[in-house]
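Undergrad: So you can see what is in the structure, the chains are spelled out below.
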Amino acid sequence: MKSPSARTWQTAVLALIVIGLIALALGGYLTPLSRLVIAPFVSAQTWLSTRFLTLQNILTSSQDLTRLRQRNLELEAEVSNLQSEIIDLKQQSAETRVLSALVEFARVHPENRYLAAAIIGRDPSPFMKYVIINRGSDGGLRSGMPVVTSQGLAGRIAAVTAGAARVELITDPASSVNVRLEPSGAQAVLLGSLTGELSLDLIPQTASVNVGDLVLTSGLGGNFPGNILIGQITSLRRRETDLFQQASVQPVVDFSKLEIVLLITNFRPVDIEPLVPTPGAP
Amino acid sequence: MATLLAFPILGILLVLQSAILSQIPLLQGTTDLVLLAVVAWSLQRRVRTAWQWGIIGGLLVGFVSAVPFVVYVVGYLLAVGFSLLLRQRIWQVPLLAMFIATFFGTLVIHLATLVALRVSGTVLPLGDSINLIILPSILLNLLLALPFFTLFSDLAKFLYPEELEM
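Chains as they are written, first to last, in the numbering used here: chain A, 53 to 334; chain B, 2 to 167.
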């Protein structure tokens, strides 16, 4: 049995050792040693934790996957709905733009009464520049009524059925329109062509016509009302040996993008056929 | 039955042609779906209603188009007659017959249109007409000739099933 003084000594030595270790640790002298001891534990714990998390993911992923797939389907449906809404809105916006331009045109030309119609087709024959509109005699349309857009003259009605009508565009090879050139005031005839280009013929040699001059309907012949804009002269052919000048015209109407047109319903074309002298007639 | 079927089929093709394909030209040429249908139908071996289809097609297109009425009726009937002739002469190679009939059918209808327009007072330049309209239209029609022949071959087999010999 140890004496009480020996036990006191042991306690004192242990206390000194502990104090010494604490002092060394606080001073940072035990860091390499602690690193050496702790490293294997950290590695082991990391390995274990990783495996556990992997296992947990495997066990719980089936539920997540199902939920994610369902959510994905919902979102895809929502995206397609939104996309169709965007397309609808874009279409409505484009139609509104066209209609507001047409309303503006009707406001600027209050002397005429207008009826709007949509283009629903084109002539099956590539030789003919005709369009089909969705209004006919039931809507009060008659053959010969002028057809305009917000930009200017497009053509005139050539044939009418109850619910539809066929419009001859001014670009048709058989089309001819009496026009007036501004600012010179010269008269000419606007002709269509196979390619849809417009040209002017029968411009008097004496007329002072320049590139950039405006082309408007003259109203002569009674087929169209006067002062409807058609286009602008882009090039001029003038030769001393010719009887008349000729010119190319850039139309203000984009005939490849015609969607909605206005019909001037209060204009009645004048048939001047009986007044045209025929050879052999008394 | 096969004659009545011409109305919806040719009508739908005409609507497609007028509303969509007329707006997708090659130069100035466009596809003539009704002509392709009439020619493809006429070349089917067991079909007996080719002339009726030609008349119905001509009447439908003539009603919609501004081209003088008679052009499409006569043009389609000529195309049917030519197709029936080819069906007898080169029955072993119906696809070749389809291409030949499409080529000549398109040519005949466009030349008839040119003549009719000239008679009615609209003189179109022949060179431009050939380069910008007739040749591109022929090319477009030839491109669609094969699928049309296949479709109408199936339709003919459906309407006129082969008789089994016992």
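The hints are simulated quantities; they were obtained by calculation from the structure and are not laboratory data. Cβ coordinates follow ideal geometry from the N, Cα and C atoms, glycine included. Check the hints yourself; a few may be wrong.
[Claimed, not checked] Just so you have them, the derived chain B footprint on chain A, three or more residues with Cβ under 8 Å: (1) 121 to 135; (2) 169 to 176; (3) 179 to 190.
Undergrad: Next step is simple, just say for each hint if it's right about the structure.
TA: Quick rundown of the hints versus the structure:
Evaluation of the coverage hint for the segment 121 to 135 of chain A: breached, as 0 residues show C-beta separations to chain B shorter than 8 Å, against a requirement of three. Proximity of the segment 169 to 176 of chain A to chain B, defined as three or more residues with a beta carbon under 8 Å from a beta carbon of that chain, is established by the 5 residues found. Three residues within the 8 Å Cβ limit are the bar, and the segment 179 to 190 of chain A against chain B gives 4, so the coverage statement holds.
The structure fails hint 1 only (numbered hints given earlier).
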